[in-house]
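Trainee: Work out the full structure: start from the sequences and follow the hints.
Just so you know, the sequences run in chain order A and B. For the first sequence, position 318 (counting from the first letter as 1) is numbered 322 according to my numbering, and the numbering increases by one without interruption. For the second sequence, position 297 (counting from the first letter as 1) is numbered 301 according to my numbering, and the numbering increases by one without interruption.
Calculated from the structure, these hints are not laboratory results. These numbers were taken from a predicted model, which means no experiment stands behind them. A few of these clues could be false.
Some but not every residue of chain B turned toward chain A, in silico, with C-beta under 8 angstroms [stated by the list, open to error]:
| hint | residue |
| --- | --- |
| 1 | R21 |
| 2 | L265 |
| 3 | R266 |
| 4 | R268 |
| 5 | Y270 |
| 6 | R276 |
| 7 | A309 |
| 8 | E310 |
Here are the simulated distance ranges between beta carbons [claimed, not checked]:
| hint | chain 1 | residue 1 | chain 2 | residue 2 | range |
| --- | --- | --- | --- | --- | --- |
| 9 | B | T235 | A | A314 | 34 to 44 angstroms |
| 10 | A | G293 | B | E33 | 21 to 31 angstroms |
| 11 | B | G49 | A | K318 | 27 to 37 angstroms |
| 12 | A | R262 | B | R206 | 27 to 37 angstroms |
| 13 | A | A314 | B | E13 | 26 to 36 angstroms |
| 14 | A | G213 | B | R47 | 45 to 55 angstroms |
| 15 | B | A35 | A | A216 | 35 to 45 angstroms |
| 16 | B | A35 | A | D111 | 52 to 62 angstroms |
| 17 | A | S46 | B | A216 | 41 to 51 angstroms |
| 18 | A | E33 | B | G213 | 29 to 39 angstroms |
| 19 | B | E279 | A | G293 | 17 to 27 angstroms |
| 20 | B | E74 | A | T73 | 52 to 62 angstroms |
| 21 | A | F80 | B | D292 | 32 to 42 angstroms |
Which stretches of chain A does chain B cover? Using the computed rule of at least three CB atoms under 8 angstroms from a CB of chain B, they are [stated by the list, open to error]:
| hint | segment |
| --- | --- |
| 22 | 45-52 |
| 23 | 199-212 |
| 24 | 258-270 |
| 25 | 301-308 |
Here a beta-carbon is modelled for each residue, glycine too, at the ideal position from N, C-alpha and C.
Protein chains: 2
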Amino acid sequence: MEAVVKLTERILAGDQRAIARGISIVESESAEAAVLVSQLFSRAGKARVIGVTGAPGVGKSTLVDALATEWRREGFGVGIIAVDPTSPFSGGAILGDRIRMQAHAGDAGVYVRSMATRGHLGGLSHATGDAIVILDAAGKDVVLIETVGVGQGEIEIARTADTSIVVTVPGAGDDIQALKAGIMEIGDIFVVNKSDRDGADRTVADIEGMLALKAHEDVDWHPPVLKTQATTGDNVMELLRTVRRLEAKQEDSVDRRRERLRSRLYDILRRRFREHVESRTELMLAVDGAVERMIDSGLDPYTAAEEILARVLKESRDS
Amino acid sequence: MEAVVKLTERILAGDQRAIARGISIVESESAEAAVLVSQLFSRAGKARVIGVTGAPGVGKSTLVDALATEWRREGFGVGIIAVDPTSPFSGGAILGDRIRMQAHAGDAGVYVRSMATRGHLGGLSHATGDAIVILDAAGKDVVLIETVGVGQGEIEIARTADTSIVVTVPGAGDDIQALKAGIMEIGDIFVVNKSDRDGADRTVADIEGMLALKAHEDVDWHPPVLKTQATTGDNVMELLRTVRRLEAKQEDSVDRRRERLRSRLYDILRRRFREHVESRTELMLAVDGAVERMIDSGLDPYTAAEEILARVLKESRDS
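Mentor: And the structure:
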């Protein structure tokens, strides 16, 4: 634990290697992770969290790097987390980090990290939330979170952001389908990247058409659709300005933060509840027994869950 | 509740409209859902659950329909669930169902249904699990689950299947990336569909190369990579034979089913725990209070979760 106290101090001082160590700890989901985040939490809450979501190949990383460069130019500290569902055996995440770090080589103001699922579902959004706290407490002004795909876990991660940017490319018919099929709701800003390609205006019109169908909950913010070329930097400044316009609007709203903290609390609470169950031998025996009865005598999972919950509450009553 | 008993009987008799009503109930996640599934559970457990996962546009639906047609030809009852993260406003799911039902028009032995997220994250895999129980209890011999994308929620759904088929198309460089990036582990069988296109053999080799890198946990089953043309039916029979070969191997293994039931039980238990918390005014006040302290005085979510859990257990002790 003394090691964690020391690490906390180094993270608060913005030490890159300490940040790296801290993120590895939260990825491991060990008991140390809870101690570390508890210590850093009160020092976090200042960073702006920007989510950037889109299918593989749309140029998300290039766009994120271009945004990071602009923010760095103005002196802001930037953290980048690339959420990568790569399995541990591919090693792709590590290679990607090396390539990307070179783009910001020698700049201690940018920290880039890929985070991958490690077989444990649900763990990724948890670890990402903790990594944001670390980067925030380390003094990063902006934390960019890159996510691929349209799965539920990804949407959950995107929801932790203050601002969500959804990226696509011209003529990506299937991508538009995918957009329609999930991330449409979370987008605060839409970007058609690689806008030099044929059909960019058509894609912009398609997205605007879909947005028009949707009654956006926030009457003050109709999500804009921007064209960019991340490789040349074209219109990246306009995207940055748009992010800031939204930021200014959100400034006085504490609701989004409250909602985020509440879902974070429930997330940890559910996990602690499971740990509680798994730490009691008699409860684990009850779970094992219920599973066997589900197999042997058709006990249904709802009744089984009811039994286990009653037992957890009774067990604490008896202790 | 009497209505549910009646519905249960009709579902057990295989009535299509009763199945439809039952799935709508589990989608709504009402109290009725738990009663319905409890009643049907002991009558389920016989159906073979096949997951088919792949990016939009690879021809998943056509492949699933081709497989369904083959199974039907042999007299098996087939259920198809297309898991579609479409938001409610698009209405795409309903339209898709109508088109697909026409392919099996007049055949009461096939039931097709799309299931969409309704804003509630995590709810989809829950509802899909319940829908499988309904189709299984209704006497379907095979339940095909179609999922898009590589998100965590999707992988979770794919894991509920006995057999997971991962579909891609020739030369889909980005798709291969996506494969690499998540669904590689869950694939028992890989399919390169639209195999008349250029580069099919190359794509097969790429996938085989990736599989070779991976030490598959099951030494008895090295995932095969098949080429198909779902539109012409080319090699669909070979795919069916491969599914059966795997089925024969798995027959004597109860471990996969046990794992699945255990995760199902935890899933429902976590939800019931949250419902328990939300049903007690004093616990809800404690959650609200914790969130405010997180905002105002930097209380961290781990400490907050610890407090709430202690309170839940104490509250049951005092009652």
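Trainee: Looking back at the hints listed earlier, which ones does the structure fail to meet?
Mentor: 1, 9, 12, 23
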